[in-house]
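Peer 1: Sequence:
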Amino acid sequence: RNIEFYYQETGRAGRDGLPAEAMMLYDPEEISWLRRMLDEKDDGPQKQVETHKLNAMSAFAEAQTCRRQVLLNYFGEYRGKPCGNCDICLDPPKHFDATEEARKALSCVYRVNQSFGMGYVVEVLRGMQNIRVRENGHDKISTYAIGRDHSHDYWVSIFRQLIHKGLLFQNITRNSTLQLTEEARPLLRGDVTLELAVPRLDTAARAAKSDKLTSKNYDKK
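The sequence shown runs contiguously to residue 221 in my numbering.
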């Protein structure tokens, strides 16, 4: 149910120094069930911690970058090289130039003052019309709806990869709000490009291309 437990269990397999294999069984339906159980608990620090751990475990299971890098990232180490041994390294997914998508995502985090979680930022990016977005005035910011040509799951995949790569982190002390790291600044300024794995989902749910926004109003501070 959490990465700490998974890390301990898999670590036992390699104690003799010989090659080892680990199999993880992951069921999205069980994750949904666990989320419902958490929702029934009273709000508080413990609920925040448990929710963060569950989100991290789900993100790890659905990762499209080196799993060792994801583990190191979770424990605060961002400079690990691809391990070359995990299933992702041995059978890597297709990649694409995700510079524009990443800049949109990072810019939206910045425009909502780095004060909201992933689900909410995705709502703003996709131009959702709901009370919370309107009350916060985020239907008036420059990044509102600039990501409406992609599905919710698509953007969740993009955000998770940005977290795994150390461009974003989730602040557990602030309800897992998304915050930019220093590594995000060169990308926002347009100094570097970024490749990400193609999200493993049905992209047919995109909005009509004729409605696609081409806003370039990104943050370059």
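Please keep in mind that the hints were generated in silico from the structure rather than gathered at the bench.
Hints may be right or wrong, so weigh each one.
What the hints assert, rightly or not - Here are the simulated lysine-lysine pairs, PhoX-like style, with alpha carbons at most 25 Å apart:
no.: 1; residue 1: Lys165; residue 2: Lys94
no.: 2; residue 1: Lys94; residue 2: Lys81
no.: 3; residue 1: Lys81; residue 2: Lys140
no.: 4; residue 1: Lys53; residue 2: Lys41
no.: 5; residue 1: Lys140; residue 2: Lys165
Peer 1: Run every hint past the structure and note whether it holds.
Peer 2: Verification of the supplied hints:
no.	hint	result
1	Lys165 - Lys94	holds, 17 Å
2	Lys94 - Lys81	holds, 19 Å
3	Lys81 - Lys140	violated, 40 Å
4	Lys53 - Lys41	holds, 15 Å
5	Lys140 - Lys165	violated, 30 Å
The earlier numbered hints that this structure contradicts are 3 and 5.
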